[in-house]
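**Student:** If you're matching them up, the sequences are chains A and B in order. If you're matching positions, the first sequence starts at 0 in numbering that gives the first Met the number 0 and goes up one per residue. If you're matching positions, the second sequence starts at 0 in numbering that gives the first Met the number 0 and goes up one per residue.
Please note that a few of the clues may not be correct.
[To be verified] No farther apart than 30 Å at their CA atoms in a straight line, the calculated lysine-lysine pairs in the DSSO-like style are these:
id, chain 1, residue 1, chain 2, residue 2
1, B, Lys81, A, Lys33
2, A, Lys33, B, Lys161
3, B, Lys161, A, Lys121
4, B, Lys369, A, Lys194
5, A, Lys166, B, Lys161
6, B, Lys266, B, Lys161
7, A, Lys47, A, Lys33
8, A, Lys194, B, Lys251
9, A, Lys194, B, Lys45
10, B, Lys81, A, Lys194
11, A, Lys47, A, Lys166
12, B, Lys81, A, Lys30
13, B, Lys164, A, Lys121
14, B, Lys45, B, Lys161
15, A, Lys47, A, Lys30
[Claimed, not checked] Part of the chain B face toward chain A, derived, beta carbon under 7 Å:
id, residue
16, Val35
17, Leu78
18, Thr96
19, Ser129
20, Thr155
21, Cys157
22, Gly205
23, Ser206
24, Arg229
25, Ser293
26, Asn314
27, Arg316
28, Leu411
[Said to hold, decoys possible] Footprint (simulated), chain A over chain B, 3 or more residues, beta carbon under 8 Å:
id, stretch
29, 11–18
30, 24–33
31, 135–148
32, 188–199
33, 250–264
34, 296–307
35, 429–435
Hints in this document: simulated from the structure, not taken from any laboratory. The beta carbon of each residue, even a glycine, is placed where N, CA and C say it ideally should be.
Read off the chains here:
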Amino acid sequence: MQAFTTMTGLVAPLDRVNVDTDQIIPKQFLKTIKRTGLREGLFYDWRKQKDGSQEPAFFLNQPRFQGATILLTRDNFGCGSSREHAPWALLDQGFRCVIASSFADIFYNNCFQNGMLPVVLKADEVLAMMKDVLATPGYQLTVDLGNQTVTTPDGTHSRFEIDPFRKDGLYRGLDAIGLTLQHEATIAAYETRRKAEAPWLFADLQS
Amino acid sequence: MAAQTLFEKIWESHVVRAEPDGTTLLYIDRQLVHEVTSPQAFEGLKLSGRRPRRPGATLAVPDHNVPTTDRTLGIADPLSAKQIQTLEENCRDFGITLFGMNDIRQGVVHVIGPEQGFTLPGTTIVCGDSHTSTHGAFGALAFGIGTSEVEHVLATQCLVQKRPKTMEIRVDGVLPALCSAKDVILAIIGKIGTAGGTGYVIEYTGSAIRALSMEGRMTLCNMSIEGGARAGMVAPDENTVAYIKGRPLAPKGDLFEQALQAWQQLKTDANATYDLIVTMRAEDIAPQVSWGTSPGMVTGIDQRVPDPRTITDENQRQATARALEYMGLIPNMPMTDIRIDTVFIGSCTNSRIEDLRLAANLAKGKHVAKTVHAMVVPGSGLVKQQAEQEGLDRLFKEAGFEWREAGCSMCLAMNADVLQPGERCASTSNRNFEGRQGAGGRTHLVSPAMAVAAAIEGHFVDIRHWA
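If we strip away everything but chain A, and leave its shape as in the complex, we get:
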């Protein structure tokens, strides 16, 4: 997995609350068996007009937000379906970081599995940044995972919280499964103990 340390990037605004993963990537794009190439489906129903042409008002279709790597949005981003296709599509579009006033749990967790950083800032901080993004062409933010800060062009720092374990894994780009497998002996010991306590849980299916 790609490590995330610091980044400075163009910010794209999605000024909506409760953006669900059905909006981030609609179901017709979930029929793939790959993780890549999903940008085509990103915000598909909002990006396209009824006749299939591009919706010029949608931020991703505006020239000034081309090449954006940070998505700025509002409360409860990524609610609904657990589809990991949502962070895959954002990543495929070039977003490495999503800043929001809150996230749904499963989406938040899925980001870390893909070298993406979800940042939670206070609602008033997000609103202020949203205003500035819309008012300032070329608006960039710097996200520093090590120091847990987001820095605006005028040098204002906003601090964000993150679990130390998650932070470390993302900062070093660790393979989560490899990390768990380092504890193989502990897992085996748990299974032995548990099997004695609750043997009915170990009557495995035979395929």
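Start from chain A and add chain B according to the hints.
**Tutor:** Chain B only, in chain A's frame:
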């Protein structure tokens, strides 16, 4: 030992190890797998040369993409066919039990787990699907995960988790006639909001919850995620045990007796505390209908469509106005004036035998309105078979409902069952997001009873004064 909640008991019995910051390696007893969120997980295993740690702890079934029409014709969409074929190949390569598309046991993953006795109290259950919360109805800790975590569980039988907070939602009293678990959970989401449960595991308690059947408890727990909670649960009791006993994958003989003793400990201790408590009175819960594009945008059938002009919070006003525009509704119109084009009875929320019995009996001797297209999609092949043995299919068909094969169908419209732009649907499913049932489609979430009444009248009616 300190008093514990049901959640805490299950969590602690599954801790393999804990990091200094509380991050926990949690043991996973059971995994369910379907065709949409698993191909990349199996690909990951192949690329890294890893094997499933306990292939026998995983059960796979195709459900999202399967046609609900005649399956002897195969799958018309080549992408859907490829995804299902990939699941079959992966299960064969990795030694995982699969109920294939033409197996009578095939069905929606959250219907077949309980039906087979794969879902058991006190277990940890995951699936690459947010409605895994359904299995909490049995007093299990069950939650949805992403595809990377599906791979993680296959490879290690564990997940890295941060311990969630606990919320009790207590519903005491007696529900009004024909009000159901669906109305309870929609009313709860209307109260706490779609992010109200974020970071929490919900335990549903109270006399109205205890009075629910297992099917009702599954409906309730199913939509916990729509309130933001990854998991919801109900403590097991004699109903739970009666449901499980004798199912194909449930423990038998001495093992069953041993399990039973353990299950009897699975309840929140008298002095245990929750991080948050929400209470409701069952008598206050009217039949619910969603009016917007989020499950929290819901109200009683005896209410009116909200008027954005009366909402003071700017965010909420904008969201309401936007939702009403998408839904094509006029502020202040009575909910009963909303006319519908389509009715979908099905999904992991409401497609079990009890749902179908109630719906069929309400439809008996009546007929679907001329302007309405109505379909019933049973939750599994076995539910379908049982319904047919009871003659429910005949009641539905005589009333003008289509009777389909089992699958997720129009809940998310990945197969051919799709709403057209502007089409308005009364649906027993769980999500009314924009485009969920088809681009431009308009979804109203309701109970099976409300869906039947709407099908017959052509608009929503108050079921309490209808049947």
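**Student:** Look at each hint and say if it fits the structure.
**Tutor:** Checked hints:
| no. | hint | in the structure |
| --- | --- | --- |
| 1 | B:Lys81 with A:Lys33 | holds, 12 Å |
| 2 | A:Lys33 with B:Lys161 | holds, 28 Å |
| 3 | B:Lys161 with A:Lys121 | holds, 22 Å |
| 4 | B:Lys369 with A:Lys194 | violated, 59 Å |
| 5 | A:Lys166 with B:Lys161 | holds, 13 Å |
| 6 | B:Lys266 with B:Lys161 | holds, 22 Å |
| 7 | A:Lys47 with A:Lys33 | holds, 23 Å |
| 8 | A:Lys194 with B:Lys251 | holds, 16 Å |
| 9 | A:Lys194 with B:Lys45 | holds, 29 Å |
| 10 | B:Lys81 with A:Lys194 | violated, 38 Å |
| 11 | A:Lys47 with A:Lys166 | violated, 36 Å |
| 12 | B:Lys81 with A:Lys30 | holds, 8 Å |
| 13 | B:Lys164 with A:Lys121 | holds, 21 Å |
| 14 | B:Lys45 with B:Lys161 | holds, 28 Å |
| 15 | A:Lys47 with A:Lys30 | holds, 20 Å |
| 16 | Val35 | holds, 5 Å |
| 17 | Leu78 | holds, 4 Å |
| 18 | Thr96 | holds, 4 Å |
| 19 | Ser129 | holds, 4 Å |
| 20 | Thr155 | holds, 5 Å |
| 21 | Cys157 | holds, 6 Å |
| 22 | Gly205 | violated, 25 Å |
| 23 | Ser206 | violated, 30 Å |
| 24 | Arg229 | holds, 5 Å |
| 25 | Ser293 | holds, 5 Å |
| 26 | Asn314 | holds, 6 Å |
| 27 | Arg316 | violated, 12 Å |
| 28 | Leu411 | holds, 5 Å |
| 29 | 11–18 | holds (count 4) |
| 30 | 24–33 | holds (count 3) |
| 31 | 135–148 | holds (count 6) |
| 32 | 188–199 | holds (count 4) |
| 33 | 250–264 | holds (count 6) |
| 34 | 296–307 | violated (count 0) |
| 35 | 429–435 | holds (count 5) |
When the structure is compared with the earlier hints, violations turn up for hints 4, 10, 11, 22, 23, 27 and 34 and for no others.
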